[in-house]
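Q: The whole structure should be built from the sequences, with the hints applied where relevant.
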Amino acid sequence: MTQNSGNDGNLKRTLGPVMLWGLGVGYVISGMYFGWNLGLPEGGTLGLAIATAFIIVMYVTFTFGYTELACAIPRAGGAFDYADRALGRRWGFIGGMAQNIEFIFAPPAIAYAIGAYFQTWFPEVPVLNIAILAYVVFTGINILGVKAAATLELVITVVAVVELLIFSGATLPHFEFQNLTQNALPHGIPGIFAAIPFAIWFFLAIEGVANVAEETINPQRNVLIGFGSAIMTLVVLCILTFISAVGVGGWETVVYKPGTLETSDSPLPMALGQIFGQSRFMYHLLITIGLAGLVASFHGIILAAGRATFEFGRVGYLPRELGRVQARFKTPANALLVNMTIGITALITGRTGEIITLACFGALSLYIISMVSLLVLRKKEPNLDRPFRVPLYPVFPILALVIATVALVSMSIFYPWLATIFFGIMGVSFALFLLLVDINLKEN
Numbered sequence: 284m285t286q287n288s289g290n291d292g293n294l295k296r297t298l299g300p301v302m303l304w305g306l307g308v309g310y311v312i313s314g315m316y317f318g319w320n321l322g323l324p325e326g327g328t329l330g331l332a333i334a335t336a337f338i339i340v341m342y343v344t345f346t347f348g349y350t351e352l353a354c355a356i357p358r359a360g361g362a363f364d365y366a367d368r369a370l371g372r373r374w375g376f377i378g379g380m381a382q383n384i385e386f387i388f389a390p391p392a393i394a395y396a397i398g399a400y401f402q403t404w405f406p407e408v409p410v411l412n413i414a415i416l417a418y419v420v421f422t423g424i425n426i427l428g429v430k431a432a433a434t435l436e437l438v439i440t441v442v443a444v445v446e447l448l449i450f451s452g453a454t455l456p457h458f459e460f461q462n463l464t465q466n467a468l469p470h471g472i473p474g475i476f477a478a479i480p481f482a483i484w485f486f487l488a489i490e491g492v493a494n495v496a497e498e499t500i501n502p503q504r505n506v507l508i509g510f511g512s513a514i515m516t517l518v519v520l521c522i523l524t525f526i527s528a529v530g531v532g533g534w535e536t537v538v539y540k541p542g543t544l545e546t547s548d549s550p551l552p553m554a555l556g557q558i559f560g561q562s563r564f565m566y567h568l569l570i571t572i573g574l575a576g577l578v579a580s581f582h583g584i585i586l587a588a589g590r591a592t593f594e595f596g597r598v599g600y601l602p603r604e605l606g607r608v609q610a611r612f613k614t615p616a617n618a619l620l621v622n623m624t625i626g627i628t629a630l631i632t633g634r635t636g637e638i639i640t641l642a643c644f645g646a647l648s649l650y651i652i653s654m655v656s657l658l659v660l661r662k663k664e665p666n667l668d669r670p671f672r673v674p675l676y677p678v679f680p681i682l683a684l685v686i687a688t689v690a691l692v693s694m695s696i697f698y699p700w701l702a703t704i705f706f707g708i709m710g711v712s713f714a715l716f717l718l719l720v721d722i723n724l725k726e727n
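Going by our numbering, the sequence shown wraps up at 727, each residue one higher than the last.
Treat each hint with caution, since some may be false.
[Stated by the list, open to error] Now the in silico label distances, taken between C-beta atoms and shown as ranges:
(1) Asn666 <-> Ile625: 18 to 26 Å
(2) Leu448 <-> Ile681: 33 to 41 Å
(3) Leu719 <-> Leu544: 46 to 54 Å
The hints are simulated quantities; they were obtained by calculation from the structure and are not laboratory data.
Source: prediction; values computed, not measured.
From the three backbone atoms N, C-alpha and C, an ideal C-beta is built for every residue, glycine too.
A: As structure tokens, this is what we get:
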């Protein structure tokens with residue numbers, strides 16, 4: 284393991300609002316490039332659109348509440364630190380575990396997509412090999428320093444945003460409204476609820492901005508600016524991408540590979556292929572640039588995951604070696620390396636769809652616990668310094684809490700086996716925490 288410098292608790296403050304915007308958008312932007320289209324067979328255009336509308340409301344209201352928490356308690360643990368302070372260490376552990384599941388299990392799915400994109404140019408190289416190489420390279424970049432990592436993230440994110448705008452510019456002239464209305468709700472109302480995890484995938488991990496609050500210059504100001512501008516950017520890109528992709532030829536054309544019922548993880552290239560064909564320069568150019576969106580999210584979530592695991596180690600809920608910073612670069616190198624090992628193990632299973640859904644279970648649990656923490660802290664610590672206060676309190680946090688709860692229950696009903704796995708992981712982890720950590724803390 285990497286040795287610490289003797290100052291285990293200090294992460295270096297280097298990030299400003301532009302960097303935070305880049306991280307916030309970068310964490311999420313891969314959701315525009317793949318994954319969301321797999322909700323269309325469940326809900327159709329209308330079903331996924333309704334689910335996405337509710338999820339947008341949840342994320343906007345949640346972001347305001349989470350920003351209040353991040354500005355008042357600017358710590359690397361994010362949801363863990365908020366729940367720990369508001370609800371006690373047991374709920375803090377549960378919130379932190381949910382956060383770790385989200386951040387650790389989302390990157391393997393993205394890494395696999397990166398490998399698939401690369402394979403279109405290098406078909407002789409196995410997807411898994413490329414995905415593992417991506418893990419090693421981007422974990423190394425994160426170990427070298429948060430400023431270098433965030434700078435790279437900003438550059439990649441800008442390229443990915445420009446790519447989505449170019450995609451919309453290329454497809455919207457071919458948009459036909461009737462393509463949005465064909466077979467719009469194939470499974471009726473239940474299809475709306477079944478599409479929820481794919482609507483969440485549009486925005487999954489935006490809350491990772493809070494995990495670098497401890498490395499942010501003037502976090503009380505810059506977290507608000509970076510977080511707020513990121514969610515607004517993502518809402519616009521989500522609507523634009525959804526309409527322009529489906530509007531070209533209907534939802535089936537961005538789900539199923541031509542002439543088959545096999546689903547695809549490449550909805551945007553499929554939409555472009557209908558316009559330009561698969562041999563045109565524009566088609567190949569946008570596919571190549573589109574890789575930036577996948578890399579941005581992969582790289583950014585690795586960064587956030589490292590901070591979440593680091594905080595768990597720093598307080599002793601995981602081995603304390605994970606809570607040490609690397610002597611030279613002042614980054615949570617040990618936590619990053621352990622997360623990489625877990626991610627590569629998940630990659631080898633090849634079950635990326637299930638991994639995405641597990642990450643969504645973790646995210647929704649995190650959102651619920653965080654909003655409860657916000658409501659409790661308002662009563663428990665009314666004099667806590669809050670440089671930013673959520674507007675329309677308590678409407679916004681309660682609205683986010685209700686939508687997240689409904690979404691979690693719905694996913695548990697429609698994906699019972701994955702719900703069993705998620706809650707099983709949470710239950711076993713909590714039992715070990717009570718036996719190995721909680722008792723020792725009480726004795727001390």
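Q: Can you give the numbers of the hints that this structure goes against, from lowest to highest?
A: 1
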